[in-house]
Structures are given as C-alpha cells and as structure tokens.
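Here the protein sequences line up with chains H and L, keeping their order. For the first sequence, the numbering used here begins at 1 and goes up steadily by one. For the second sequence, the numbering used here begins at 1 and goes up steadily by one.
These are calculated hints, taken from the structure and not from any lab test. Among the clues, some could well be false.
[Claimed, not checked] Once the Cα atoms are required to be at most 25 Å apart in a straight line, the calculated DSS-like pairs of lysine-lysine come out as: (1) 49(L) to 205(H); (2) 49(L) to 209(H); (3) 2(H) to 196(H); (4) 67(L) to 49(L); (5) 205(H) to 7(L); (6) 268(L) to 47(H).
[Claimed, not checked] Here are some, though not all, of the chain H residues that point toward chain L, as calculated from beta-carbon distances under 7 Å: (7) 50; (8) 64; (9) 97; (10) 199; (11) 201.
Glycine included, every Cβ here is placed at the ideal spot set by N, Cα and C.
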Amino acid sequence: MKPAVLTGEHFITGDIACAEGALAAGCRFFAGYPITPATEIAEHMAKRLPDVNGVFIQMEDEIAAMAAVLGASCAGAKSMTATSGPGFSLMMENLGLGICTETPCVVVNVQRAGPSTGLPTLCAQGDMMQARWGSHGHYEIIALAPSSPQELFFQTITAFNLSETYRIPVLIMADEVTGHLSERVVIPDASRIKLKTRPRPRGRKDRFKPFHPDLNGVSPMAHAGEGYTVHVTGLTHDERGYPAMTAEAQAEMMSRLTGKIRRNLDKIVMVDEYRLDDAEIALISYGISARSSLAAVDEAREQGIRAGLLRLVTVWPFPEEHIRRLAAKVKSLITVELNLGQIYLEVQRCAAGAAPVFLVGHAGGTVITPEQILQQVRTASGFHRQ
Amino acid sequence: MSGSTSKHPLDFIIRTERIPHIWCPGCGIGTAFSSCLIAMQTSGIDLTKTAMVSGIGCSGRGAGYVKLDSYHTTHGRAIPFATGMKLANPELNVVVFSGDGDLFAIGGNHFIHAARRNVDITVICVNNFNYGMTGGQAAATTPNSAKTPTTPLGNPEQPFNLPLLAYASGATYIARWTMLHTRDLTKSIEEALQRRGFSFIEVLAPCPTGYGRRNRQKPIESLRLYQERAIVKNGAHPAEVVLDFDQGITLGNFVDVDRPTFTEAYDKICRPGSSG
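Chain H on its own, in the form it takes in the complex (with noise of 0.2 Å):
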C-alpha cells in the first residue's frame, strides 16, 4: 500500500497527477463515470483510494456522480469528481445545490471540443463559461485554468484548500492536452503541503445555526452523524438553514453566498505575469494555451516586440483588476484561448475601451501554435505603429 503523498519525481500524465493531487490534499472519496479523456483520473483514484482507506465508486451517470460526492462531503470526506463536456453538462444540476448548500468538493473538467459529443479525444477550452455560469440562477464559483500536470497536481490541491476555505465547489478546468501530456511532476514532502479543511463548530450544538457566517462570510460546517441535527436545504433557505420564501430571505442568502467570493478576491484570484514590465503588446491566456503564449511571448521578444503574457491561474472569479490596469499601461491586448471568444468578452469587458482587445482562437481539436499566436502579435504591433 503506498502512502497518500507520493513524494519523489514523477513522470506521468496531468490525469494521473491531477488524482495524486487529490490524494494528497486529503481527498478521500471519488464518485465518477468513464469519459474520455477524464477516466484516468477516476482510474487512477480506483486504484490509489483504497491505498489511503477512501472509496471510489463508479456511479450510474455523472448527475449521480456530482450527488455522491456532495452527499460524502456532508458526511466529512474531502470528495471529488473529474468529467468532460458532456458530463459536466449533467453536473450542472447538482453543482447549484453544492454552491446553495455550501458544500465543499472539487470538479475536473478535462475538456473536450463540444457542442455535444464533439470531438472526444481532442482538445478544447469551449467550457469556459458554462463554468461561470452553466448552473441556473446567479451565483459566484472558482474556477483554476492548469497549464501542464505539474501544475495540475499543485493546482489540485489549491482547490481542496479554496474548497474548504469557502465552502464551495471548486472547478479544475484543464483540456485534453493537459490531461493527456507526460512530463516531469515533482511531488514534495508530504510536510511540505499546506492544506486546509472547512471551518468547524464550536460550542452548544443545540444553538448551532449551520448558515450563519463567521467574520470572512462562510459558515462553520457540521458533518451529519455529529449531533448537530442540521437541515440542509437547495431551497432558499435562512441562517437556521431552514426554507424562506420571500425575496428578503433570497436577497441575504445571495449577498451571503457571493458575498464570501467578493469579499475575499485578493485571496482567490491568482495570475502569473511573465515579461509584462515593459510589455506594449499583452497576451492573455490560460491553460494550454498558455504556454503557446508563453513561446510566443519570446519569440515575439527576439523579433524586437515588447511582449508579456497575463497567465490567468484563477479565471473565474476573474481577475478583472488585473485586466483594468494592464489595459491601461499597455498597447493592445491579445487573448488566446482554444474557443471562439469567450474570455475574450470578458477582458473586452474590463479593457472598456482603455486599450484593443484582440482574439487568437479557433473552435478546438488541436492546440494554438506559437506561430499563430506570433502573427496576430506582429499585426497588433504593426498596427500601432501605423
């Protein structure tokens, strides 16, 4: 039986050490269904769970998947399931109740190119707002964009530890590629490994009142089987957690529920900022493509092109204060993205105006090139210096 943390180097898939990143930041319950080219996450967890006392089981569909695992969060396990397209389609439904019922758990999406079944085995980012915003009502996720399996297993944990911290379901959004490519994964010391678990009860249980908020906006969590007696509810419900159908009662749960997400942006938002300094032309991506962009970027630079890239490590909530003032310092903006302009709204969005925004993308089944990334950079540039 190996242990939880294996730490050492590794040469393995993003799938696979997307999964050992689950173990490691304690994830010990696993629900999913087979589907390409997520299933060597649940493969790999079927095999390693028992390893660290877990349970992994294949359920019936990926509804009764993303069900499983809010059901063993609220018993106290760290849970998890990894999907693509089709499948976090039908998650959709039982992610609204984890984010109105507060229950910490993390979602990988491996995505492929859709609409529909898609291309299967190849590669796209064409979820990216279903993630924002592919359950109904309005609400606030997380979302982390990984760019390479190294990152996808430190990424994994980060989203445990956002989970627990805020009490809300994490997205992983990866691609096919990220999920598919072999490379060099180091996992550190297990002691090296900051994690993080939901924020926990204290006092008489029979005052316990499971929906009212601490100072940072997220309530203390009370695992069934615990004596709490607590009522959880995907109704709009009150700080007793019990069903309020009124628009007052609406309106505090949604300030409370976004509120904790708002509230703490300086804490979740993450980007990585490469040769921006003096940049005049700035890309923006995430995941695979960003490391096209990352190529790009040098490239650009040896033709004499001050280029940066805005690596978006959180995409959603978005980094729309990054987005503002880099739109004021530089040229134009490019954003590259394996879809047909969906960020790309978003930093149009925030730029207002300040600066161009321009799109590389194409609608998936093979990664952006640097070349093709390069050309559009040479034009922005040009452009400006007409």
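With chain H's structure known, arrange chain L on it following the hints.
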C-alpha cells in the same frame, strides 16, 4: 387549552418550529411520515447517527420536518446523495424519504443502481400515484386510464410495479403497505432500519387534491379502498403482487434476504487491509 400545551409524542424528533407542514387535508404523507418516525424510535437505532435524505416533491418535504441531520436535495437525486453519505461514513443510518415521482421517474435510474449495488440505506417511497406538488400530473405510478392534468383523456401508459422493480434490481428487503395499515407499515420500517442492505418500502397514500378529485377518490373513499381491496400476502413473489383499485392491492413484507452490502464487498475486494 391542552392543544397548545400538551406535547405530541413525536415532538422530540420533529422540528416543531416548522409546523404547520405543507401537506393538504386528507393527504396520506403525514401518516406515512409518522410511521417512519415511530419506527426510528422503536427500532433502537442511534438517532444522532441517523440522517434523512429527500428529493423534491410533497413527500420530499419530509427531510425538512425531521429533527435529525436532514438533507433536502435535488429532484430525483436523494439516492445517489445518500449513497455518497453512507459510503463516506458507514456508521450513519441513512434513510431516504421521498415520493413516487421523485424516486421512480426522474430518479428511477438511481434507484435501480443503488439496489443493484446493495447500498446499505432504507428507501421509503410514498406513492400517491401522481405529482402532487405541481398539481397532480401523471407519474410513473399513475394507473392506466386515470385522469390527470397531463392525461386529461385518461393515462395511456402502464405504471411500474415498484416491488418487482426493486426485486429485479437486487433490493434485499421489500415491503408494501398503505398508510391505513399503520402498524404493519411501522413494523416493516422498523425491520428495514435494522436490516443491512438496500431496503425498500412502498407506502400507498391518498392525494385528494391532486389525484383523488379527478379520479373519484375522496379521502375517505381511498381509505375504504385500501381496506376493502387489501390482500395481505407476506412472502408473496414481487412478480405476483397486484395494485388495482378494482381488483385488489397486494400488501405485505415480500422480500427479506441477506447479501453483502456495497461497503462490505468493497472492504473485502478493494481494501482487505482495512478495519471495516
């Protein structure tokens, strides 16, 4: 005066501050719910280690009234939610209390798979033959030719035989009663709570507001039918049980067998080194 001061014997397990409940006069859910609560008490299970999970619908409101850890989930998904809960903490007693529309139409797939896996949970289905909360539309349990707002000329479909479905799927404890047969029902739920494995109890209950008024079943007439048409046949093969308001309604404890639960099988096959 005694009405406002005397305590109901089930007050200890009810969120009394949430009463009055939403159930209509003449509705059978409350009686089925009381049976469930009494059985929880008499079965001797540890109530602090007991959770109730419901889906959506009138019966799905059960979780909102019970003073236990209670989870009111999404439509049809109570069983997979309960599955995750039970697997993550096998010490919990997990009871699913929900309706026929929730468990057998939108949630039908989850039901058969949880029974197949023999997840150690107890599922109580209040079958009122229609979607009560949305106004009485046809369900997967609505009798053929019955009138509902979505079958205004009569239901062209055939209903499920729920005990047979549970049996074919692998449930290890299966019973059917009506809410009129309170003692038998309570006894069955008590047994189901004490059994390991996937237990299923169907409770027939009138819905005068939704089903009854369109199908000439006033509340008292439903109860009379439950009494007059009942054929109590413990041990009957689920393929032979009938549910026909004209011919007869087979009631009883039909199946009570033992086979390894999901967690037992998982421990044996996947984690032989574990303490479980």
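Hints, verified against the model:
1. 49(L) to 205(H): Judged against 25 Å, a Cα distance of about 14 Å means the pair holds.
2. 49(L) to 209(H): holds (19 Å)
3. 2(H) to 196(H): holds (23 Å)
4. 67(L) to 49(L): Holds, at roughly 12 Å.
5. 205(H) to 7(L): holds (22 Å)
6. 268(L) to 47(H): holds (15 Å)
7. 50: At about 4 Å, which falls below the 7 Å cut-off, the nearest Cβ of chain L leaves the hint on residue 50(H) intact, so it holds.
8. 64: holds (4 Å)
9. 97: At about 5 Å, which falls below the 7 Å cut-off, the nearest Cβ of chain L leaves the hint on residue 97(H) intact, so it holds.
10. 199: Result: violated, 18 Å to nearest chain L Cβ.
11. 201: violated (13 Å)
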